[in-house]
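Peer 1: Those protein sequences? They're chains A and B, same order as listed.
Under the working numbering, residue 643 is the last one in the first sequence; the count climbs by one each step, no gaps.
Under the working numbering, residue 471 is the last one in the second sequence; the count climbs by one each step, no gaps.
FYI, nobody ran anything at the bench for these hints, they're computed from the structure.
In this text the structure is predicted, and so the values were computed from the model without any measurement.
You may find that some hints are simply not true.
[As the list claims (entries may be wrong)] Cβ-to-Cβ under 7 Å is the rule here; a few derived chain B residues that face chain A: (1) 108; (2) 259; (3) 423.
Virtual Cβ for every residue (Gly too), placed ideally from N, Cα, C.
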Amino acid sequence: MKRRLLGLAISLLLPTWAYSAEISPAIVYDLGTKFDKSFNEGVSNGAKRFTEDTKVEVREFEPSNDSQIEQAIRKMAKRGSDPIVSVGFSQANALGVVAKEFPDTSFTIIDSVVDQPNVRSVTFREEQGSFLVGALAALASKTGKIGFVGGQDIALIRKFACGYEQGAKYVNKDIEVFQNMTGSTGAAWNNPTKGGELAKSQFDRGADVVFAAAGGTGIGVYQAAKDNGKYAIGVDSNQNHLHPGTMLSSMIKRVDNAAYDTFKAKMDGTWTSGIVSLGLAEKGVGWAVDEHNEKIVEPFKEKMAAIEADIIADKIKIHDYMKTNSCEY
Amino acid sequence: MKASTAERWLSLFILPSLNLLTAFFFTALILLITNVNPIEAAHYMIQGAFGSQEGWGYTLYYTTNFIFTGLAVAIAFHAGLFNIGGEGQAYIGGLGVTLVALGLSPYLPALIVIPLSIIAGALFGAAWAAIPGYLQAYRDSHIVITTIMFNFIAASLMVYLLVNVFAVPGEMTPASRSFPDDIKLWQWHEFMGFFGVDFDSSPLNISLLLALLCCYGVWFLLWKTRWGYEIRTVGANPDAAIYAGINPRKIWVLAMLLGGALAGLVSVNELLGVQHRLVLGFNAGYGFAGIAVALMGRNHPIGIILAALLFGALYQGGAELAFEMPNVTRDMVIVIQGLIILFSGAMEFMYQPLVRRLLWRWVRAGA
């Protein structure tokens, strides 16, 4: 007991020592490219903001295959980078291995959970954000039909789709939701032509709002919405500015904050390990309102605020696809 | 020096080296344009690939993959077929490895499961290649088209299986559960440790030995057996082969089966050796790079080993380069690869007239 108290005392003291310490932060990006206008780029923006605020350079690496991930994280740790942000669920295994080898280095993984004493796991409650934009789509739809275009057909994207469907059905239980995935390979994240075609086919079937959770493929979806005079909903970053007038909103996922907060906390000595789940209440996910879509969403704001409050108060229960690997609710 | 020896040297060593140097020269130009010192970059690449045990480990681990896919392309090429399906064959091979590793491990000891899963990897890869092979031989559809299409089908199938069948509930990653702890190949450092030699930890594992064994096997098959003779005859001239009493259709299917099996072994290195579970996209372009490896290696096992080593070093050295010099993106490796393929594939004989003339002059002077 005494030892534990001593440990506690030390750990309370530690932050003040670390406060003045210089940090050398690093990021290992998700497979794909850093400038994807969505996930990786969000993290990169967070890093850029951190560098601007603190003048501390962030070391970066873009791996091109699975085995480079572990190699890069290990190399960063060996060179004394701390904290190290590991981007994307595909890095969980690699980080699990490396985090054990470097118990004194702090790691943060985004979008997955690694259960180690020196890892902070940041996950997002995408189902909440998707629920919101689903509700918004249902409110804005005049035909009672809406669409969803996913990127690669993986569980994470089905989680988006599932939340979206629930949100839409919450507002209008008879609404029809068309769902299409762009493809089954990684190329599905960057195929705007096919995204546009899928959106058009959904418009032809009567949809008048379409939500794209498809990385770079979304660009084609938003363009198709503009060309056909329908609404589109962006994802991850605020994409409202892409086509003001036809962008209904964007479901935002603040991955930039996840990176920024990790660096900042490490600098201030307040970094902690453990699971950080960012939902609506923590402003980790949400729907974007700015000067580009203010007028369009004005009539729905009140209703949306009520739904948001209900989600935060846990009055609306949203099923998470990942829990059961199915969308039954 | 005899004229025929000179010709041999020309085609086996002088031309490939010149082509390679040209590719490096243009890479250096591109680096200069992007304001990077090419000498410094080369230093980082070489140092990264061969400067440490860890570097060697990664280089040879990539080399293992490239040997498998290079052989897969080469063996089909000897039968006159262009196997572009290494990517899909490797992927489906992974399915075989995983099914056996996960399915049989509760019932059988690891010492039996591991060889069985290696065989399953080869069989699944072969089966995947057999369909385009059959279609080419008996239905006249072009192997280039069908193997490319089968890459896409493989990718779709594997994503479907990973997302719907293998996925662990509650896990974000589209990956199967991990293989039991004893179902894995010896890592190289464990293997060397057995002999009392210290080696840094890296993904390199004993499938490198399997790859080298395959090289010997392919060489023996092609140049020392009847099947090999038949494969080479069909590749040289299918019509003549018929007159020699060889059925080219059977040989085409056979060559594709062997090629697919070799490509399928990539999954042994990747899954049994490194990842210890089935992951999405573990084939990461090795199948395509195998085409370049075979091309550079003149479809000969020795050449393929050398070309695979070069590509392994490029992969590992390139990663190191991107790590050390942040303004060189990892895409530079792809540029270098592209240049190598351009000069040693498409413009293979660019220097031939010139070098041949010089060589002849020298041979005559010697005689």
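Peer 1: May I ask which of the numbered hints given earlier this structure violates, with the numbers listed in increasing order?
Peer 2: 1
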